[in-house]
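When you get a sec, could you build the whole thing from the sequences and use the hints?
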Amino acid sequence: MRYFVCTILFCIGFSSMLHSQTDSITALREVRLIAYRLKDSTYTRNVTIVKDSVLKQNQASLTNFLNFNSTVYFKENGLGMVSSPSFRGTTASQTSVLWNGININSQTTGQTDFNTINTRGYNKIEIKPGGSSVADGSGAIGGSINLVNELGFNKGFHNELFANYGEFNTYGIDYQTNYSSEKFSVLLGIARNASDNDYPYPETDRININGQYHNTNISLAATSKLNLNNTLKVFANVYDGRRNFSVPTPNALKTKYTDFNTRSLVEWESHFSKFKSNLKIATTTEEYRYFGNIDNDFYTYGKVTSFISKYGLDFALSNKILLTAGINYTHNDGQGSNIASETRNLSAALISFKHVLSETFLYELGLRQETNEQYGNPLLYSAGFSTKLTDFYQLKVNTSKNFRIPTYNDLYWQGVGNPDLKPEESYQGEISNNFNFKNLSISLTGYYNYVENLLRWVPDSSGIFRPENTNKVEIYGLESVVTAQKSFGNHKFTGSATFAYTVSENKETGKQLIYVPFYKFTASFGYNYKRISAYYQYLNNDEVFTTTDHATEHILDSYMVANLGAEYTLGKNRDYKIGAQILNFWNESYESVLNRPMPGRNFNFYLHLKF
Amino acid sequence: MKKYFYKLASLLMLVLITMTSCTSDDRDDPISVQPPSGDYTDGIFILNEGGFGYSNASVSFFENTGEVYNSIYSEVNGMGLGDTAQSMGFYGENAYLVVNNSATIEVVNRYTFEFIATVSDMIINPRYIEFSDNKGYITNWGDPNDVNDDYVAVLNLDTNLIEATIPVAEGPEKILLDNGKLYVTHKGGYGYGNTISVIDLASQSVLNTITVADVPDGIVIDNGFLYVMCSGKASWTGDETLAKLFKINLSNTNETIVLNFSAEQHPSYLEFENGMLYYTLDNEVYTIDHNNFQLSETPSFSPPADGVEILYGFEVHEGAIYIADAKDYTSNGEAFIYNLNGDLQNQFSVQIIPNAFYFNNL
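The listed protein sequences correspond, in order, to chains A and B.
Quick note on numbering: the first sequence equals residues 1 to 611 in this note's numbering.
Quick note on numbering: the second sequence equals residues 1 to 362 in this note's numbering.
FYI, nobody ran anything at the bench for these hints, they're computed from the structure.
Since the structure is predicted, the reported quantities are computational estimates derived from the model, not experimental observations.
In this text, a Cβ means the ideal position worked out from N, Cα and C, and glycines have one as well.
Errors might be hidden in some of the hints.
Stated by the list, open to error - Chain A is faced by these chain B residues, among others (derived, beta-carbon under 7 Å):
#	residue
1	Tyr54
2	Asn109
3	Ser120
4	Asn145
5	Asn148
6	Asp282
Stated by the list, open to error - Label-pair ranges, simulated between beta-carbon atoms:
#	chain 1	residue 1	chain 2	residue 2	range
7	A	Ile464	B	Gly92	34 to 40 Å
8	A	Gly510	B	Asp306	21 to 27 Å
9	A	Arg206	B	Asp306	38 to 44 Å
10	A	Glu287	B	Asp306	45 to 51 Å
11	A	Leu379	B	Asp306	41 to 47 Å
12	A	Ser462	B	Leu207	30 to 36 Å
13	B	Leu177	A	Arg206	33 to 39 Å
As the list claims (entries may be wrong) - Here are some, though not all, of the chain A residues that point toward chain B, as calculated from beta-carbon distances under 7 Å:
#	residue
14	Asn251
15	Ala252
16	Pro459
17	Gly463
18	Ala551
Right, dumping it as structure tokens:
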């Protein structure tokens with residue numbers, strides 16, 4: 001399994017998912033519960049983990065990566081432009097993006113623009129469907145995505161260089177250097193991506209005007225084992241991006257947008273007898289500037305500085321029972337062109353209990369009390385169990401209450417913001433069936449999610465948009481993840497697929513939300529023979545409604561896109577790879593947002609060196 | 001059991017693989033039936049501005065037979081109208097569609113709707129168009145964040161090229177011709193204006209400025225009198241001001257009657273028909289006699305009773321009142337036609353965000 005195997009890691013088994021192979025992706029073998037020491041993580045829901053080598057075979061943006069490798073649906077305003085997710089039928093701000101466990105959704109919009117996350121800066125990405133507000137706080141309703149910098153020890157000095165170049169002058173460079181000794185490990189990564197992005201619109205004589213972008217991402221991670229009981233970790237990240245927004249029509253006024261985000265985190269882990277304590281202190285800054293006219297220096301902006309601290313104490317009553325208590329505190333300080341300087345403080349206390357009842361049964365309970373008076377102090381919960389019914393079948397059941405607080409824009413937008421808004425609340429339940437065989441794993445999850453007080457900007461009678469707690473939304477669906485691998489001598493085959501069926505209905509109108517497809521499919525296949533690998537990625541999104549009345553003439557057609565890639569490994573130690581990709585192999589003409597065409601077939605080459 | 005699952009999964013994989021070579025299953029777009037005569041001679045155009053940034057502006061046609069035809073521009077010309085259609089004007093055989101966020105004027109034949117030309121040079125954020133003597137006059141905001149680059153573009157209707165620009169104050173909106181002069185309301189663009197520019201056609205320059213109240217929205221000229229409906233600044237601006245209705249004697253602009261609305265009232269539009277002025281307030285329709293000139297406490301009728309959600313277009317023409325309803329801005333809107341007593345005569349569905357009515361030979 002040295003090479004690319006398949007695109008999705010589907011995680012089965014109670015744990016050890018954090019300790020999987022460093023190279024490729026595979027379904028993990030089960031770990032006997034009894035032998036495992038419980039950790040403070042969720043055991044009663046599935047998590048998909050994707051490692052570095054797979055990330056490299058995808059395009060750099062988090063949008064592209066998740067689009068082809070998960071059930072998350074994306075609405076992308078043309079390639080590289082503003083991109084927002086719908087995870088399990090929820091709205092764009094109901095997906096929580098975490099950076100090494102710290103929430104980095106914009107405080108001004110509540111969303112993360114997935115085209116402003118460069119996956120090259122991270123060596124692991126965790127995809128967690130379903131609500132996890134008890135652990136991850138506000139916004140984790142549809143699911144969460146965790147971007148992780150993971151460090152190993154005792155590996156000496158390593159360097160990695162990845163470079164790609166493709167049509168429309170699209171290039172990416174990612175350099176990572178890593179040094180680790182027995183007690184110390186440090187990683188520095190610098191990645192830059194850029195494109196002229198002036199692709200022709202298929203089946204027209206137009207091209208994508210003013211779509212160029214570039215961004216730079218710098219990541220630093222360091223870990224030091226201070227002594228047997230104490231570990232100190234430091235993480236830092238800087239993202240600097242500039243995009244021109246492609247014009248909707250050729251003569252429209254050209255605009256541009258810049259993002260500058262910084263994140264830093266210090267984490268102190270300490271073990272003593274039956275206790276394990278974890279302290280995280282982080283600061284983040286986010287700033288955007290929007291230039292309504294590219295030729296003019298005038299811009300509007302929003303800027304938020306946050307201070308986040310999290311403390312958690314694990315107490316192992318036995319090796320089968322884990323009690324965890326924690327305190328979180330967040331301070332935001334924001335301002336902008338339309339927001340007077342505002343600060344807010346949020347704090348929460350949480351407690352959880354996990355118990356391995358028998359070799360085949362585990363249950364867990366979690367409670368989180370928010371203590372900000374402004375939002376009505378919601379008490380959140382999560383409860384679930386996991387049981388292994390046969391040697392290949394595992395059942396997981398989980399229910400939770402989750403929430404999302406109003407954003408800075410919702411609360412403080414001058415003139416229209418509403419300080420009396422309530423948080424969104426979501427009540428969920430899910431059942432996962434996991435089947436795990438030698439060469440095959442299948443998960444099938446059914447879920448239900450009821451969201452109240454949905455925050456939306458709606459026009460009042462004079463046509464002015466204002467934020468309001470509006471509708472109730474009922475969401476239910478099925479999702480499935482399948483991975484398989486099989487070898488015949490030197491020939492290795494891998495495959496993975498995700499499938500989602502999503503009903504997301506506004507309870508007032510009885511209609512599916514706009515830009516939420518009923519179906520989404522992804523599939524990928526890999527083949528490897530000695531030094532040669534080939535892979536194929538496929539995505540199929542169902543049609544979506546773009547108007548709330550579901551008028552058929554405004555429905556955006558379904559589409560399928562496929563990428564084909566091949567790579568060859570060189571060098572005595574197989575340290576060098578060269579690869580080529582054909583993106584949109586079938587030259588599909590498609591849009592993910594109305595009248596925002598995506599590129600047709602295009603070519604891309606890459607080089608991956610380890611030294 | 002185990003084997004069964006394996007087989008099932010293999011089957012699933014196979015299905016997926018085969019699917020990959022299919023293209024997506026596109027829905028056939030419903031073909032909007034167009035008038036059998038192939039022309040749009042007697043009827044009403046309804047301009048649907050479409051969502052800002054979505055390039056889905058369109059034109060609907062309400063034929064005097066009662067038939068409604070949607071998306072006539074794209075049906076006739078095989079291309080989209082563009083992004084955010086603001087307004088439209090007729091001159092001679094032609095119709096001129098002012099497409100705001102596309103920064104174009106699309107010229108079509110007003111009877112066949114066949115495309116003639118696109119005017120794009122020196123058009124930035126165009127709003128409204130007026131005509132005189134084979135020239136079109138188009139108000140432009142320019143860069144909306146720049147308060148000093150607003151202008152009226154002068155379009156040569158023979159060449160379809162802009163031949164001159166007349167600089168004006170920020171946020172020029174509606175434009176009206178009377179007696180050799182153009183009257184331009186300065187609603188204010190991204191800000192808030194409170195003036196009317198008077199442009200002399202002969203010299204193509206601003207002759208003088210009439211100060212009214214904040215946010216002049218509707219403008220009517222009748223028999224030497226200029227009526228201006230100023231909406232005032234709404235409460236959400238953080239600086240709420242009173243709405244006012246002006247009656248200005250154009251032969252002596254010092255001779256002005258001003259009616260003050262109550263605080264928190266922010267009326268819109270102004271139409272004139274048979275000696276009566278019509279305007280709207282909170283989606284209700286009000287009338288004022290132009291001689292008596294007293295504000296009425298009670299509305300003349302209430303369109304929300306008929307299902308109007310957001311009154312987004314309002315016209316009074318030849319004994320009928322036309323109302324466009326934008327709904328929630330993300331669904332097809334509706335048009336409502338009333339008689340002058342406020343009795344609903346007709347109601348039909350149009351396209352995204354209808355904002356105005358234009359009467360062809362009616």
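Mind listing which of the numbered hints don't hold for this structure, in increasing order?
Those not satisfied are hints 2 and 5.
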